[in-house]
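The whole structure should be built from the sequences, with the hints applied where relevant.
So the sequences go chain by chain: A, B and C. In terms of our numbering, the first sequence opens at residue 1 and continues consecutively. In terms of our numbering, the second sequence opens at residue 1001 and continues consecutively. In terms of our numbering, the third sequence opens at residue 2001 and continues consecutively.
FYI, nobody ran anything at the bench for these hints, they're computed from the structure. There's no promise every hint is true.
[What the hints assert, rightly or not] Only pairs whose alpha carbons sit at most 27 Å apart, straight line, appear in this in silico BS3-like list of lysine-lysine:
| # | chain 1 | residue 1 | chain 2 | residue 2 |
| --- | --- | --- | --- | --- |
| 1 | A | 266 | C | 2025 |
| 2 | C | 2169 | A | 266 |
| 3 | C | 2012 | A | 259 |
| 4 | A | 199 | A | 136 |
| 5 | C | 2025 | A | 277 |
| 6 | B | 1068 | A | 136 |
| 7 | A | 169 | B | 1068 |
| 8 | A | 279 | C | 2025 |
| 9 | A | 259 | C | 2037 |
| 10 | A | 266 | A | 277 |
| 11 | A | 227 | A | 136 |
| 12 | A | 259 | C | 2284 |
| 13 | A | 267 | C | 2025 |
| 14 | A | 259 | C | 2019 |
[Claimed, not checked] With beta-carbon atoms standing in for the labels, derived distance ranges:
| # | chain 1 | residue 1 | chain 2 | residue 2 | range |
| --- | --- | --- | --- | --- | --- |
| 15 | C | 2065 | A | 263 | 26 to 32 Å |
| 16 | A | 257 | C | 2058 | 23 to 29 Å |
| 17 | C | 2149 | B | 1313 | 49 to 55 Å |
| 18 | B | 1063 | A | 156 | 17 to 23 Å |
| 19 | C | 2006 | B | 1250 | 55 to 61 Å |
| 20 | A | 156 | C | 2014 | 37 to 43 Å |
| 21 | A | 267 | C | 2058 | 33 to 39 Å |
| 22 | B | 1204 | A | 314 | 49 to 55 Å |
| 23 | B | 1165 | A | 223 | 33 to 39 Å |
| 24 | C | 2234 | B | 1313 | 54 to 60 Å |
| 25 | A | 314 | B | 1153 | 46 to 52 Å |
| 26 | B | 1204 | A | 312 | 51 to 57 Å |
Note that CB positions come from ideal geometry on N, CA and C, so glycine has one too.
Chain by chain, the residues:
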Amino acid sequence: MSTRIAGTTREHALELLRDMLRIRRFEEKCAELYSATKIRGFLHLYIGQEAIAAGVMRALEPRDAVVATYREHGHALARGIPMTRLMAEMYGKAQGCCRGRGGSMHIFDAAARFYGGNAIVGGAMPLAVGLALAEKLRSRDAVTACFFGEGAVAEGEFHESLNLAALWKLPVLFLCENNLYAMGTALARSESETHIARKAQSYNLPAATIDGMDVLAVEAAAAGAVKAIRGDGGPRFLEFATYRFRPHSMFDAELYRDKAEVEEWKKRGPIVTFVAKLKDGGLLRDADLASIEAEVEREIAAAVEFAENGTWEPLDDLSRDVYTRETA
Amino acid sequence: MGAARRFVARRLHAGNGVIAATQLQTGRTLTYREAIREALREALASDPRVFLMGEDVGRYGGCYAVSKGLLAEFGEARVRDTPLSESAFVGAGIGAALGGMRPIVEVMTVNFSLLCLDQIVNNAATIRHMSGGQFSVPIVIRMATGAGRQLAAQHSHSLENWYAHVPGLRVVAPATLADARGMLGAALADPDPVVIVEHVMLYNMQGELDAEPAAVDIDHAAIRRPGRDVTLVTYGGSLPKTLAAAETLANQEIDAEVVDLRTLRPLDESTILESVQRTRRVVIVDEGWRSGSLSAEIAARIMEHGFYDLDAPVKRVCSAEVPIPYAQHLEAAALPQPERIVAAAKALFGHG
Amino acid sequence: MPSLGADMESAKLTEWMVKPGDTVKRGDIVAAVETSKGIIDIEIFEAGQIGELLVQPGTDVAVGAPLALYVPAGGERAQPAAVAAVEQSAAARAVEPRAAKVVGPAAGRARASPAARRRAQELGIDLASVAATGPDGAITLDDVERAATAKAPKADMRSVIGRAMSRSKREIPHYYLATTIDMSTSMAWLEHWNREHAVTERLLPGALLLKAVARALEKSPELNGFWLDGRFEASREINVGVAIRLRTGGLIAPGLAAANERTLPELMRQLQGLVQRARAGRLKQSEITNATITVSSLGEGGVETVYPIIYPPQVAIVGFGGIVNRPWVAAGRIAAAPVVTATLAGDHRVTDGHRGSQFLTDLERRLQQPEQL
Chain A
1 MSTRIAGTTR EHALELLRDM LRIRRFEEKC AELYSATKIR GFLHLYIGQE AIAAGVMRAL
61 EPRDAVVATY REHGHALARG IPMTRLMAEM YGKAQGCCRG RGGSMHIFDA AARFYGGNAI
121 VGGAMPLAVG LALAEKLRSR DAVTACFFGE GAVAEGEFHE SLNLAALWKL PVLFLCENNL
181 YAMGTALARS ESETHIARKA QSYNLPAATI DGMDVLAVEA AAAGAVKAIR GDGGPRFLEF
241 ATYRFRPHSM FDAELYRDKA EVEEWKKRGP IVTFVAKLKD GGLLRDADLA SIEAEVEREI
301 AAAVEFAENG TWEPLDDLSR DVYTRETA
Chain B
1001 MGAARRFVAR RLHAGNGVIA ATQLQTGRTL TYREAIREAL REALASDPRV FLMGEDVGRY
1061 GGCYAVSKGL LAEFGEARVR DTPLSESAFV GAGIGAALGG MRPIVEVMTV NFSLLCLDQI
1121 VNNAATIRHM SGGQFSVPIV IRMATGAGRQ LAAQHSHSLE NWYAHVPGLR VVAPATLADA
1181 RGMLGAALAD PDPVVIVEHV MLYNMQGELD AEPAAVDIDH AAIRRPGRDV TLVTYGGSLP
1241 KTLAAAETLA NQEIDAEVVD LRTLRPLDES TILESVQRTR RVVIVDEGWR SGSLSAEIAA
1301 RIMEHGFYDL DAPVKRVCSA EVPIPYAQHL EAAALPQPER IVAAAKALFG HG
Chain C
2001 MPSLGADMES AKLTEWMVKP GDTVKRGDIV AAVETSKGII DIEIFEAGQI GELLVQPGTD
2061 VAVGAPLALY VPAGGERAQP AAVAAVEQSA AARAVEPRAA KVVGPAAGRA RASPAARRRA
2121 QELGIDLASV AATGPDGAIT LDDVERAATA KAPKADMRSV IGRAMSRSKR EIPHYYLATT
2181 IDMSTSMAWL EHWNREHAVT ERLLPGALLL KAVARALEKS PELNGFWLDG RFEASREINV
2241 GVAIRLRTGG LIAPGLAAAN ERTLPELMRQ LQGLVQRARA GRLKQSEITN ATITVSSLGE
2301 GGVETVYPII YPPQVAIVGF GGIVNRPWVA AGRIAAAPVV TATLAGDHRV TDGHRGSQFL
2361 TDLERRLQQP EQL
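Right, dumping it as structure tokens:
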């Protein structure tokens, strides 16, 4: 039995697995906390799509920028935002990364160059184009990773942003997480052309479609794209085929898809398939898995405690951080 | 209108509520458009982080010829023609600001800004707050606004009040050459998003400016004409008409004080209220439609904080509640004009 | 019941997927609930054993209410799935926008509302002399009216009354009518009423008399109005002025607005309020000036007949003496009965004795049917 898998070492594989499990267990905990009314507003879980955040973030450097959507907890964790600050933000506490001002859909972190957390579908794509423009104008080589769902493809901003990035040759890595449903609407019901990578190609943007359930494939594709962007300074587009195992948000009766379909995809899930692959390849023992799970569980418990013990911003501070400078 | 423009041009303003009695030994004559161009040039030359982007700002020289010559001087990287993608290029401006640049984004007119309203309202205005103060968005967005050239309903809006509605934005309206010259610099220095609205009828306005124009702020209104009997509050393209109305009123023994708002958000309440306290009567001149307008907001604030100083209700002169028509006589009747301003002021004294 | 959405308040349990005794692990679906969006599966977040099911399918359950008991793996006692209610932070209080630096009133200019300012001008009152009770220390309309009423010292009031009465006698050609009214039915009815009702609903005879006058005026509009500019203007409303003696010796006759439309208890309360406010000097301006006719009752003083003077510009005044026991002929026999003498003084420019006696006759008739008042 081989003890290697092409494209990774045991150490690295375990890191990827840990990344995915951190996200998975965090999201599950959020579901529980939301049901217990600790987390309010909207909650969009990333369960099923973990391979994409985990794989892509490994391909980025700290100097790169990340723009994401409202389903961004996984991206935030994989990018290195501390789980404590993330959980406190979910609770709305002052110790959250955004002082409780943003909540689940608006995670920002300057140190991680994480620019949201954006709740308007497609609304952050121009931001990514602009961040990349700044890099180009400053003659630096950071890549701006722009995550979005296939629902954004219908918005005008998708087309405007791809066009502008390609036209001005900007270092944007467009990452489309195609989970087949924009809230309750299947892709085929809203797009005349469902092959998304082809839309990018129509803007002269090099594009590829990747299996989003395979974390190694994701990582490899992302690494390749990042290298290409740093090489010629122009944008790249990756479409990931993926699936969310949970409803769009907590309050969703999933009338739009079959439970059978969900079960099918679960069998192909990123974690369960990766674990099987690693075990088959002799890189993972049960003890390793248990150890990772325990570690993740401890981290989550600590994060919840941190959030529970957090404080609320005083009401007198309501109007702060609207402007940087106040006028007389 | 000519008399009004000359009138405006003769006043020099330090922009902080005081009419400077500065002399013009080394002044020069130029237009409002040229003053803005000068400001753009100065900004591009002095700060490598500044760049200009918008539709037709480069090769075409700017829809209103404001940026003529700048492409040749500063190159394509810094004077960027964009596709007709308001949402993308305004959003890109926001992203570039986040990334350390100081972009000046030109949206051709406020009419087209509706296409990038989401970027301005949901991103530029909110990112500082949503991020808990981690980021600021130092973007300047310039838009032409207003009516008067028979461009009909879709090209004649005055929607700066919509932007003035949103916390997180600053909105300024230069109505004089000194402000056209100086507000851009102040806006670029501001770490938050600033929307500058330039009225289309002012671009040709001629006047005199110092060789070394004084810096201006973007925080205060200015008293363009002191008076005792009634306060006329206005901004932007309506300033010349209001000043003309003040001259007419003077000939009828009514001494009007003209307040140029300069900043629409935040409003300089102190200047407005102090003026009302002195004159006890106020007319607000606003080219927007009165429903939900900036004049409504100002009237509410005067009522809230200056109620006991008033000797008469607040009056407003706004555009007629009709999409701006094409025919010249209809358009002129729809917009505020000096005659209506005079009539409104006189009505406050019981003369109908 | 878990919270599944920002606007979810409750849901209907449609189906249990488990029964007591079942072992469950974390993530298992235990029930289905019907929400506004459709049926959603509920999972359990802890491994354990299901205990008692607390809710039957088909029941609406609020978010946070327990659905079932279970024993967590680890063997503690049965407990409802912990749903710690989120502590609400201090009730959101509206945070006032930072006020502009409010400039104080200009020197020499009293802070008064436009309405107050106008009234002060009408009444010739100097605002500087008015005590302010309004917001931000401003003078309100009521403040001005109060100052106006308070202005006249008691001595002045007598001379004012005197002047008014002289003018009345000088200008109005008064005629006088009187009639004695049998009050037995009314008094009996009153006694019965007061027995049947709470103390707070007690009626005094005065209320009956006032109501009867008000209702009778409906049929005699020429007695209810004003003589202005050389002619009579009937009033649409019947506001019966009640002559009230002030402890300081003055006299005032504020009006009971729409007296004919009030029920007796209402009229009683209104009357009591009027008397109280009149004596405290706190009548509203409208009450002072709204009477369309006046009633002067001197019953307590012991006199039987009142010959009142009309208050210009009114055109009539009704007087009542005391309700006294006198010999009375009823059904051909003499017996003691409570009677009251009602008088009417009328302005002969508007009505005459015939008209006036019609009114008094109507008044007497109504007092025989108190239940219809």
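Structure-based check of all given hints:
1. A:266 to C:2025: holds (18 Å)
2. C:2169 to A:266: violated (105 Å)
3. C:2012 to A:259: holds (21 Å)
4. A:199 to A:136: Holds, at roughly 25 Å.
5. C:2025 to A:277: holds (26 Å)
6. B:1068 to A:136: Measuring from Cα to Cα gives roughly 25 Å; hence the hint holds.
7. A:169 to B:1068: Judged against 27 Å, a Cα distance of about 25 Å means the pair holds.
8. A:279 to C:2025: holds (24 Å)
9. A:259 to C:2037: Cα-Cα ~17 Å, so holds.
10. A:266 to A:277: Holds. Residue 266 of chain A to residue 277 of chain A sits at ~16 Å (cutoff 27 Å).
11. A:227 to A:136: holds (16 Å)
12. A:259 to C:2284: violated (74 Å)
13. A:267 to C:2025: holds (19 Å)
14. A:259 to C:2019: With a Cα-Cα distance of about 23 Å, the restraint between residue 259 of chain A and residue 2019 of chain C holds, given a limit of 27 Å.
15. C:2065 to A:263: 26 to 32 Å: holds (31 Å)
16. A:257 to C:2058: 23 to 29 Å: holds (27 Å)
17. C:2149 to B:1313: 49 to 55 Å: Roughly 29 Å apart at Cβ, these two residues miss the hinted range, so it is violated.
18. B:1063 to A:156: 17 to 23 Å: Since residue 1063 of chain B and residue 156 of chain A have Cβ atoms about 22 Å apart, the given range 17 to 23 Å holds.
19. C:2006 to B:1250: 55 to 61 Å: holds (59 Å)
20. A:156 to C:2014: 37 to 43 Å: holds (42 Å)
21. A:267 to C:2058: 33 to 39 Å: Taking Cβ atoms as reference, residue 267 of chain A and residue 2058 of chain C lie about 35 Å apart, which means the hint holds.
22. B:1204 to A:314: 49 to 55 Å: holds (52 Å)
23. B:1165 to A:223: 33 to 39 Å: violated (46 Å)
24. C:2234 to B:1313: 54 to 60 Å: violated (37 Å)
25. A:314 to B:1153: 46 to 52 Å: holds (48 Å)
26. B:1204 to A:312: 51 to 57 Å: At 55 Å between Cβs, range holds.
Hint violations for this structure: numbers 2, 12, 17, 23, 24, all remaining hints satisfied.
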